[in-house]
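Go ahead and model the full structure; you've got the sequences and the hints to work with.
Below are the chains, spelled out letter by letter.
2 protein chains.
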Amino acid sequence: MQKLYGVILSGGVGSRFWPLSRVTSPKQLLKIAGDESLLKTTIKRLSPLIPGKRVSIVTNSTQAEIIRLHLAAGKSGGKGRGPEFPEFIVEPSGRNTAPAIGLAALKLIKKDPDSIMAVLPSDHLIGGGTSFIKTLRAASLVAKEGSLVTLGVVPRYPETAYGYIKTGGLFKTMNSLKVRKVERFVEKPDIKRARKYLKQGGYYWNSGIFVWKAKAILDEIKLHLPSLYGALLDIERGRDMTEAYKKIKPISIDHGILEKTENIVVIEADFQWSDMGSLSSLKEIFAPDGSGNIIKGRVVDIGSKRSFIIGSDRVVATIGLKDMIIVDTPDATLVCPRKRAQDVKDIVGILKEKGFSEHEVHVTVERPWGAYTVLGKGDRYKIKKIRVLPGCRLSLQAHAKRSEHWIVVSGRARIQRGEEVVVVSQNESTYIPRGVKHRLENPSKTQPLEIIEVQNGEYVGEDDIVRFSDDYERG
Amino acid sequence: MQKLYGVILSGGVGSRFWPLSRVTSPKQLLKIAGDESLLKTTIKRLSPLIPGKRVSIVTNSTQAEIIRLHLAAGKSGGKGRGPEFPEFIVEPSGRNTAPAIGLAALKLIKKDPDSIMAVLPSDHLIGGGTSFIKTLRAASLVAKEGSLVTLGVVPRYPETAYGYIKTGGLFKTMNSLKVRKVERFVEKPDIKRARKYLKQGGYYWNSGIFVWKAKAILDEIKLHLPSLYGALLDIERGRDMTEAYKKIKPISIDHGILEKTENIVVIEADFQWSDMGSLSSLKEIFAPDGSGNIIKGRVVDIGSKRSFIIGSDRVVATIGLKDMIIVDTPDATLVCPRKRAQDVKDIVGILKEKGFSEHEVHVTVERPWGAYTVLGKGDRYKIKKIRVLPGCRLSLQAHAKRSEHWIVVSGRARIQRGEEVVVVSQNESTYIPRGVKHRLENPSKTQPLEIIEVQNGEYVGEDDIVRFSDDYERG
Chain A
7 MQKLYGVILS GGVGSRFWPL SRVTSPKQLL KIAGDESLLK TTIKRLSPLI
57 PGKRVSIVTN STQAEIIRLH LAAGKSGGKG RGPEFPEFIV EPSGRNTAPA
107 IGLAALKLIK KDPDSIMAVL PSDHLIGGGT SFIKTLRAAS LVAKEGSLVT
157 LGVVPRYPET AYGYIKTGGL FKTMNSLKVR KVERFVEKPD IKRARKYLKQ
207 GGYYWNSGIF VWKAKAILDE IKLHLPSLYG ALLDIERGRD MTEAYKKIKP
257 ISIDHGILEK TENIVVIEAD FQWSDMGSLS SLKEIFAPDG SGNIIKGRVV
307 DIGSKRSFII GSDRVVATIG LKDMIIVDTP DATLVCPRKR AQDVKDIVGI
357 LKEKGFSEHE VHVTVERPWG AYTVLGKGDR YKIKKIRVLP GCRLSLQAHA
407 KRSEHWIVVS GRARIQRGEE VVVVSQNEST YIPRGVKHRL ENPSKTQPLE
457 IIEVQNGEYV GEDDIVRFSD DYERG
Chain B
7 MQKLYGVILS GGVGSRFWPL SRVTSPKQLL KIAGDESLLK TTIKRLSPLI
57 PGKRVSIVTN STQAEIIRLH LAAGKSGGKG RGPEFPEFIV EPSGRNTAPA
107 IGLAALKLIK KDPDSIMAVL PSDHLIGGGT SFIKTLRAAS LVAKEGSLVT
157 LGVVPRYPET AYGYIKTGGL FKTMNSLKVR KVERFVEKPD IKRARKYLKQ
207 GGYYWNSGIF VWKAKAILDE IKLHLPSLYG ALLDIERGRD MTEAYKKIKP
257 ISIDHGILEK TENIVVIEAD FQWSDMGSLS SLKEIFAPDG SGNIIKGRVV
307 DIGSKRSFII GSDRVVATIG LKDMIIVDTP DATLVCPRKR AQDVKDIVGI
357 LKEKGFSEHE VHVTVERPWG AYTVLGKGDR YKIKKIRVLP GCRLSLQAHA
407 KRSEHWIVVS GRARIQRGEE VVVVSQNEST YIPRGVKHRL ENPSKTQPLE
457 IIEVQNGEYV GEDDIVRFSD DYERG
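For the record, the sequence lines run as chains A and B.
Oh and the first sequence: position 112 is 118 in this note's numbering, straight run, nothing missing.
Oh and the second sequence: position 126 is 132 in this note's numbering, straight run, nothing missing.
Since the hints were derived computationally from the structure, they do not count as laboratory data.
What you are looking at is a predicted structure, and each value in this text was computed from that prediction instead of being measured.
Don't take each hint at face value.
It does not matter which identical chain is meant; a pair holds if it fits inside one copy or across any two.
As the list claims (entries may be wrong) - Below are the DSSO-like pairs computed for lysine-lysine, each with C-alpha atoms no more than 27 Å apart in a straight line: (1) K383 to K451; (2) K37 to K59; (3) K9 to K113; (4) K289 to K140; (5) K358 to K311.
Here you go:
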């Protein structure tokens, strides 16, 4: 049997999820739907059918490093690459889904000319246990015969934020799942039309999950997007990818291929699914209470209705809200009506314009060895809480422009400072002078280490670091 | 001429101003209408007519210490008491305005049997330059002749949050200001009635500012509130005040006296005035923009209307709000419709019930020597940024249950630690072991001192402190 490969598209930031998402914490890396990120969940979800080593992540160079370190996090000595990790296919810059999928198909076909690829976004929410795998397996059997297969989700309510697929006649039945012809793709409808589709039947939600032979999609690209095909061939022949990508026009696989080809069928996907397109999708994760509210965190509410109030450690107090979304994070709070959830991306645009940093990075930054939280900063200083996971250590490093005071508040630290190694216990401190090579390590197998770091210097930016050695192979 | 005394009522917390106000930062101490607190502004406003030494502040024992330290703040060596500071009249517990005013009258009459007292809330907003003093002077001349005089503010719009005074015929003219008889006091009207009052004329806003002879109001209390009068006499005879207060029923001067007496007149007060009764009153301080919004702080807004968005250092992002109030502080955010501003006090009630601390104390706590900000806390530790004003010093103190690491991030510290005195400069640190007497001082005449303090210990509460010596006479 032809092998099934996973291709996970993971190039976006998901700015509609701000302030939960940031440039350095894109939506697919958020743990909003469980203990693990959407991306890790996506990889795990495939595992009964597609092992990690047959999964590729298509992303851009900025995201690739973030994702690699995310996959490495917490795994002692894990580097986020190697046999048990997905492979990265790195685009020089994002060009929407058609080039990303084409590039992945190209790589796969070289590895395995008969390969079948399942293309999945990295940030979807999928429920329903085994149903997903059953559908994917059936889809791969149909794809094996040459069709492009798209997963059409059975609509459960009249959603206006999704595109729809109007189905034609039955194409075939595979493992007792209906596979239909596609009559046409339908843009996001208004509520009236969405209600009609639901009532009338014969419409699916367009999931953005596809299964096809790598060769089949490349043939379609050759036919419908010849200039993209040319660029892909150039890349295959060893041409500089950045140069090749400059010529590629951004286009989605939907507009570029699926709406044009005759060779497309849709398989009925009957499981919980959400594209997590905006903060409105929070209703897919959390069950609303009796008043229609979703309330998380240290929230004090009086009489709100149908509102999503997602707090954190801070107090959020609300009175008499109706159909509102509030998302609170340590450094930024969003307040908007639910029906304006799509416009959150515009807020991110304004933050960028204004030169703010609250769209780029969270106050707490995950690192493969743990995390740090910026507690405060001022002229010539910055204060961090640093948490090192058991058995983990930071890189051996030095800073040209700052010195660091370290006070251990929890656990025990093994600290290399210049030529000496010292052990610093709770309520003890040490000092790392400017320019001195140092390394912080948590030697415990079970207890986390927490230190407070006070940086002093003419410049206290994150980029003032030289790494001499790193467990996670960072530059 | 009889002397005019100021009696400032300052017993409230102003919980409708949460999260700006806290138990330890009551509304009257907030700098919401300028560079100085409402209380200090109230004292200054009186100064052309009533010097500080003839001003009394009536408050309760908790607030008295907070207010004293507030008045002392920044004044090198100031103790918040002494000839240049107002005198405190401390009630054992709040009993509304009638007992507070009666107690103040009692104290004044002993000092000066002919004294005239101007009674003013501590937290009102008053604009209009000399007009206030002109009105107060005229009112005192009318009061001198024996009447109880209330200031009636000329309404500028149909406000529903104020009580009104319906005036009778002209009583007299004083310094070209009209003094009218009071026909009756009117409860807060609905918008329809408020519009009628404005159109019809003959109505004033009931300002809660009164001028009368101390003897005159005591006579009225004797007549209309005999049991309060009895309690006041007991106090005068040296009876324990706490005991006496237990018997006193809370009642406002309006309900207890003014609505009953025939001896009341109203003087026309034609200046900007607001009782700052709720966050809705922010519109009195800040001019709304073209969309009717008041936006302060790091706010990013898309298309909101008639909304008050008061941010701080954090980002607050808003989309399409209508008639909303958002107030953001470092540890708490309030979101409510403008028309629900009165209900903010209920949020404070819930915070209290839940055992939260966000209604009690701000993250940044003002001290007479400067301020501290809690940057973080955890099990067995707390991190503070401490800012010491030039020339100021903290008390000579010790802690039984915690040690402290200090790192100077700005300025220079003179530190007494046990028997030694050391000078610690920027990027240097020191350690104060548990139990060791210490004192932090900013010896500079011009530069502030900033240190980061990391506390470690089994208990890191503020009350683990023994003071051996203090510039501000704290216990």
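Hint check results:
Only between protomers do K383 and K451 lie at most 27 Å apart by alpha-carbon distance; the minimum there is 24 Å, versus 32 Å within a single protomer. Proximity of K37 to K59 under the C-alpha cut-off of 27 Å is restricted to the intra-copy arrangement: shortest distance 23 Å within a copy versus 61 Å between copies. For the identical chains of this complex, K9 and K113 are intra-copy neighbours only, at 14 Å inside a copy versus 95 Å across copies, given an alpha-carbon limit of 27 Å. In this homomeric assembly, K289 and K140 come within 27 Å of each other (Cα to Cα) only inside a single copy, at 26 Å, whereas the closest approach across copies is 61 Å.
Taking the shortest Cα distances, K358 and K311 sit within 27 Å of each other only across copies (23 Å), while inside one copy they are farther apart (33 Å).
Of the numbered hints listed earlier, not one is contradicted by the structure.
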